[in-house]
Amino acid sequence: MEIKVEMDNNVVILKPIGNLVASSAEILKTQVAKLLEKNYLYLLLDLSKVDFVDSSGLGACIAVNKTLAAREGVLVCAGANETILKLFRITRADQKITLTASRLDALKFLQDKALLRSAR
Amino acid sequence: MNEGKCRILIVDDDPFVAELLAVILDADGYGVDMAENGQEALEKFDAAPDVGLIISDMNMPVMNGLELIRELRGRNGHVPVIILTGNSEISVAIQALKNGANDYLLKDENIQETILVAVDRVLEKHRLKMNNRLLTEDLARKNRELEKERALAHKVQESILPRSVAFPGFSAGTFYRPSDQIGGDFFDAWESDNHLHFLIGDISGHNTSAALLMAVCKGMFSSLGQSVHDPLAVVTAANRLLCPMLNDTEMFLTLVYISYDRESGIMRLLSAGHNTVYLVRGRDLIPFDSTGPAIGWDSDDTWEVLTEPVNPGDLLFLYTDGLIEAENDRGETFEGQLEETLTSFNAHPAEMVPRIFAALDGFCCGRFTDDITLLALRREEES
Chain E
6 MEIKVEMDNN VVILKPIGNL VASSAEILKT QVAKLLEKNY LYLLLDLSKV
56 DFVDSSGLGA CIAVNKTLAA REGVLVCAGA NETILKLFRI TRADQKITLT
106 ASRLDALKFL QDKALLRSAR
Chain L
2 MNEGKCRILI VDDDPFVAEL LAVILDADGY GVDMAENGQE ALEKFDAAPD
52 VGLIISDMNM PVMNGLELIR ELRGRNGHVP VIILTGNSEI SVAIQALKNG
102 ANDYLLKDEN IQETILVAVD RVLEKHRLKM NNRLLTEDLA RKNRELEKER
152 ALAHKVQESI LPRSVAFPGF SAGTFYRPSD QIGGDFFDAW ESDNHLHFLI
202 GDISGHNTSA ALLMAVCKGM FSSLGQSVHD PLAVVTAANR LLCPMLNDTE
252 MFLTLVYISY DRESGIMRLL SAGHNTVYLV RGRDLIPFDS TGPAIGWDSD
302 DTWEVLTEPV NPGDLLFLYT DGLIEAENDR GETFEGQLEE TLTSFNAHPA
352 EMVPRIFAAL DGFCCGRFTD DITLLALRRE EES
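Note that the protein sequences, when read in sequence, are chains E and L. Be aware that the first sequence starts at 6, since it is given in the numbering used here, and climbs by one per residue. Be aware that the second sequence starts at 2, since it is given in the numbering used here, and climbs by one per residue.
By construction, these hints were calculated from the structure, which means they are not laboratory data. Built from N, CA and C at the ideal position, the CB exists for glycine as well. Check each hint, because a few of them may be wrong.
Computed Cβ-Cβ distance ranges for the label pairs, DEER-style [unchecked claim]: (1) 303/L to 109/E: 55 to 61 Å; (2) 28/E to 159/L: 23 to 29 Å; (3) 266/L to 75/E: 45 to 51 Å; (4) 28/E to 337/L: 45 to 51 Å; (5) 153/L to 116/E: 51 to 57 Å.
Please build the complete structure, drawing on both the sequences and the hints.
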């Protein structure tokens, strides 16, 4: 699996291509750790090019969400397919991580959060 | 001979060439030994096989260079061999290379310069080859040890799970198959204070950590569930113990926990992020979806508990997602077939479970990528 990285203002967009399973979950976690070192706290995980997320992949999303939340950061997952959404719903991961249908919605959500924080 | 430089055996019936090479190699710090033909070389090699390199002429009486190479390689000797050859004998040298020589050197006026270069090159190549061989052997040995360990872990894990599930008034069938020797699935069943407890769990991943966590969970739930019969109390307590353990890992587990009260005939069911499980009542299926989050994410998490009477003849079917996510060659999952499969087998759970697995095996042609656990329990008709 490869992860494309893009920037939109202060939001980092990570776009994995392929399945988010045990081996790729490690890559995702390493990537996020590097971003946190550089103080990037607003993360958009674009799942539109991911067909399948297994339990290790889901575990990695939850772990990333926790790490970000501990630093007052935010993770939003966008564009997940029906199979992935089902996994999030059954495990109630959808109550832990913000999900949006489109990448645009996610971007707006994250930029609003970032604005709110800078206004504080 | 310098420390670190090997002993070289020069084989040539021409004393002039042999002496010339011996002087050059000796001056460069190598130990040198000489033989006049292949036979003598072989005897010297047998007597002292620590020779680091053989430089041999091709045409010699008694035993020629080619025969010497064949004899050496037949003895499984890895000692590198450089063949000396005249300009007119290149084809012979190539034949020698095909038979296991490592390099060849022209016997011409430049030999004084070329011999040391050739020796260095062949010895370096040989050293790399031997290192590579050692590393490969080491890797194969470690793999064998790892496989042995995993086979042992598989046995231990199997022994952790109940061998059979049997309670008065209930019949049961179980099936457990890790995807690769060890896995993260588990199930358990016990009776205490007139309450039957059944559970099935699935740890994320199926590596060694999942197997270790599976063993911890199995012990934790059965110990918590000895005196407490409320699934919410058991799961809440387990979650609070597990969350700090799983912090900073991406591990979690999904679980269905059922407590059945013999007196009231009612079961209480909690599903922590687990796939839908079923109560089969005649031709009807009552599905039980997840009632709250997976375990290990947040100490404050809580769950809904569902209640349902378990009537005589009712069958509870619990399983892990390896069953419904198995795919056929068209990429379809077994999930679409499960409900029909469940209602079509009106058999004793001990027969039903292997039949469901056989149906799955046929569906996905034996391609299993996840652990699979099945647990079926039927309340017997009262006689």
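Hint check:
1. Taking 55 to 61 Å as the suggested C-beta distance range, the pair residue 303/L and residue 109/E does not conform, at roughly 34 Å.
2. Look at residue 28/E against residue 159/L: about 27 Å separates their beta carbons, and that is inside 23 to 29 Å.
3. Taking 45 to 51 Å as the suggested C-beta distance range, the pair residue 266/L and residue 75/E conforms, at roughly 47 Å.
4. Checking the proposed 45 to 51 Å range against residue 28/E and residue 337/L shows it is violated: the Cβ atoms sit about 28 Å from each other.
5. Between residue 153/L and residue 116/E, the C-beta spacing of about 54 Å keeps the proposed range 51 to 57 Å intact.
Checked against the numbered hints given earlier, this structure breaks hints 1 and 4; the rest are met.
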